[in-house]
Amino acid sequence: MKRVAFVLLALLLCSSQVFAAGEKESTAAAPAGEKNVKLVYAEVNPLDTIVGKTGLYFKEQVEKLSDGSVTIDIQASGVLGSENDVLDSILGGATSIDMSRISAFALTSYGAEKSKLLSIPFTFENRAHFWAFANSELAPEFLNEPQTIGLPIRGVFYGEEGFRHFFTVKKVEKMGDLKGMKLRVSNDPVMNGMVKGLGASPTVVSFGELYSALQTGVVDGAEQPIANYKSNAFHEVAPNMILDGHTLGAIQVIITDNAWNKLSEKQRTAIMEAGKLAQAYNAQISENAENEVLTSLKTAGVNIVEVTNKGEWADACKAVIEQNTKSQAALYQKIKAMK
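Residue numbers for the sequence shown follow our numbering, beginning at 1 and rising by one.
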């Protein structure tokens, strides 16, 4: 009897240990799952542009690096509004937009003095000059500027969409031909001052209304990178472009604090690592994509004028350059010296 009791006790203890071990093994085999998050990403241009392709690549990398726990929903072609509309919405506390690709100068209207330097005319001599900045130790200081001035957004990565050039309804052969023209600008004070320096009249028009504004004579011209000029069909109503290259179209991708705070550390890492990859991808595709578009525009009959001497253009912009760099003069010279 004692033996039977002993055997039963031994079996009971053994069963308990097996159960406990099984429970422990089961717990270890079930890692904490990431909460799935969908981020809405605003893009004012079509997906076949340089910035559109960059956004698609970023989306792909985020979803891959986060093991699918973060998905990016790109709303392109300005369906969520212009850059300023999107920024006004985000900074006003709206939570329907989580990320956006914006022009670097877009933050100027919201007190970003450092970001303003990236939109100063003739700051970057060529693409290599810009990428020397974007890949430098100085770039994170600029990306983090929104946080330092109290805006509820943060920068993820930089890119560029090519140099910006003027295009017009009427034929333009030289800088003086722009005098007296109504040229579309955004609310950017730098661009406003530049257009005045060229002797033209800055006229604020929403990007989404630019095509009709050109078509109806509200404005006589505007400026955009080559790829955006083509993809938005501006060449249909303003078939003349003068390649002055006054500003490099520096862009950045931002994420709202509200969206950032929803992410786990692993997901945040995925966002930032994807940003590095997307930045490198943008540098890789930009120039070739621009050259292909330029060739197609010439084939389509667009009047393209090369500018061989940009000195007079820079001289015309001297006042706006000095006015908008004096508060950050040392920082501006650091960027200029990176050429």
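There could be a bad hint or two in this list.
Claimed, not checked - Straight line, CA to CA, 30 Å or less: simulated DSSO-like cross-link-like pairs of lysine-lysine:
no., residue 1, residue 2
1, Lys53, Lys298
2, Lys196, Lys318
3, Lys318, Lys276
4, Lys196, Lys53
5, Lys310, Lys326
6, Lys318, Lys53
7, Lys310, Lys334
8, Lys266, Lys298
9, Lys298, Lys170
10, Lys276, Lys266
11, Lys179, Lys196
12, Lys276, Lys38
13, Lys336, Lys326
14, Lys298, Lys276
15, Lys38, Lys179
16, Lys334, Lys171
17, Lys196, Lys171
18, Lys170, Lys182
Keep in mind the hints are simulated off the structure, nothing from the lab.
Since this is a predicted model, take the numbers as computed values, not measurements.
Which of the listed hints are broken here?
Checked against the structure, the hints that fail are numbers 3, 4, 6, 8, 14, 15 and 16, while the rest are satisfied.
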